[in-house]
Amino acid sequence: GQQLNQSPQSMFIQEGEDVSMNCTSSSIFNTWLWYKQDPGEGPVLLIALYKAGELTSNGRLTAQFGITRKDSFLNISASIPSDVGIYFCAGPSGNYKLTFGKGTLLTVNP
Amino acid sequence: NAGVTQTPKFQVLKTGQSMTLQCAQDMNHNSMYWYRQDPGMGLRLIYYSASEGTTDKGEVPNGYNVSRLNKREFSLRLESAAPSQTSVYFCASPYDAGTEAFFGQGTRLTVV
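Each protein sequence line maps, in turn, to chains A and B. When we follow the numbering used here, the leftmost residue of the first sequence carries the number 3, and every step to the right adds one. When we follow the numbering used here, the leftmost residue of the second sequence carries the number 10, and every step to the right adds one.
No lab work stands behind these hints, which were simulated from the structure alone. A quick note: this is a predicted structure, and the numbers were derived from the prediction, not measured. Each hint should be verified, as a subset may be incorrect.
What the hints assert, rightly or not - Computed list of chain A residues with no C-beta within reach of chain B, every gap over 10 angstroms:
#, residue
1, Asn-60
2, Gly-61
3, Asn-77
4, Ala-80
What the hints assert, rightly or not - Footprint (simulated), chain B over chain A, 3 or more residues, beta carbon under 8 angstroms:
#, stretch
5, 13-24
6, 100-108
Built from N, CA and C at the ideal position, the CB exists for glycine as well.
With the sequences and hints as input, model every part of the structure.
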C-alpha cells in the first residue's frame, strides 16, 4: 500500500522559533491533510490541501501541496508552548482509505 | 455537536478476554474507520466501512472483527485479546471517502 514518510521524527525547539516539517510519498496524492494530536486526545485536522502547488495558511500555520503531488510541507511560525504535540500528514490511498505518516513529535521549550 | 464518540475511554483486559469497542458518529457520514496508534508507528488502519452494511480490512486486521450496525455505529471486537493488542484505538469518520476525517477521543487498551 501507499506509504507516507514524515520527517523529522521529533523536534525540540525554543519558544518563538519557526518549525518546518515535511511528508513525502512514492505515489501521487490528490489530497494532503495535516493533523495535530495533543497529548491524550484524538488527532484534529489543521489544514487540507487539494491542488498541486496550493499554499494554505491557518493562523501561524502554513502548508503547501508539492507540485509533484508526492510531497507536502507544514510550517509553524513563532512557536508557542501549546504547539506541543504530534503532527501527522495524511492522504487518501486506494478506495475509501486514509493513510497516515508516522508523525513528527514537537516539543517547545518555554 | 458530539462528532465521534468512543467508549470506553480506558480498559484493562486479561489475555484471552474479549471486548467490544463502541463508536458512534452524529455527522451522517457514510464512511467510518478504526485505527490503532502505537509509539513510533503512527496511525495504522485496522478496518474501514465505506457505507452501512460494508466493511473491509485495512493494514492490520488480524485479531479483530468489526460490525457496521447502522449508519451511525461502527464497533470493533477483540475476540481473544493478546498483549500485542495493547494500544490506543481511534475511531474516525471522514466527511467524504478518503477525505478529512474527524476522530474520537480514543480508547486506551491494556492487555495483561
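The stretch 13-24 of chain A covered by chain B? Criterion: 3 or more residues, Cβ-Cβ distance below 8 angstroms. violated (count 0)
Whether Gly-61(A) stays farther than 10 angstroms from all C-beta atoms of chain B, as the label says: Non-interface label stands for Gly-61(A): nearest chain B Cβ at 18 angstroms, farther than 10 angstroms.
Grab the minimum beta-carbon distance between Asn-60(A) and chain B and tell me whether it stays above 10 angstroms. Non-interface label on Asn-60(A) holds, nearest chain B Cβ at 13 angstroms vs cutoff 10 angstroms.
Would you check chain B against the stretch 100-108 of chain A, counting CB to CB pairs closer than 8 angstroms, and say if three or more residues qualify? With 6 residues closer than 8 angstroms to chain B, the stretch 100-108 of chain A meets the three-residue bar; holds.
Checking the smallest CB distance to chain B, is Asn-77(A) really beyond 10 angstroms? Per Cβ check, Asn-77(A) is outside 10 angstroms of chain B; nearest 20 angstroms; holds.
Nearest-CB test (10 angstroms) between chain B and Ala-80(A): holds (26 angstroms)
In terms of the numbered hints stated before, the structure departs from hint 5 and from no other.
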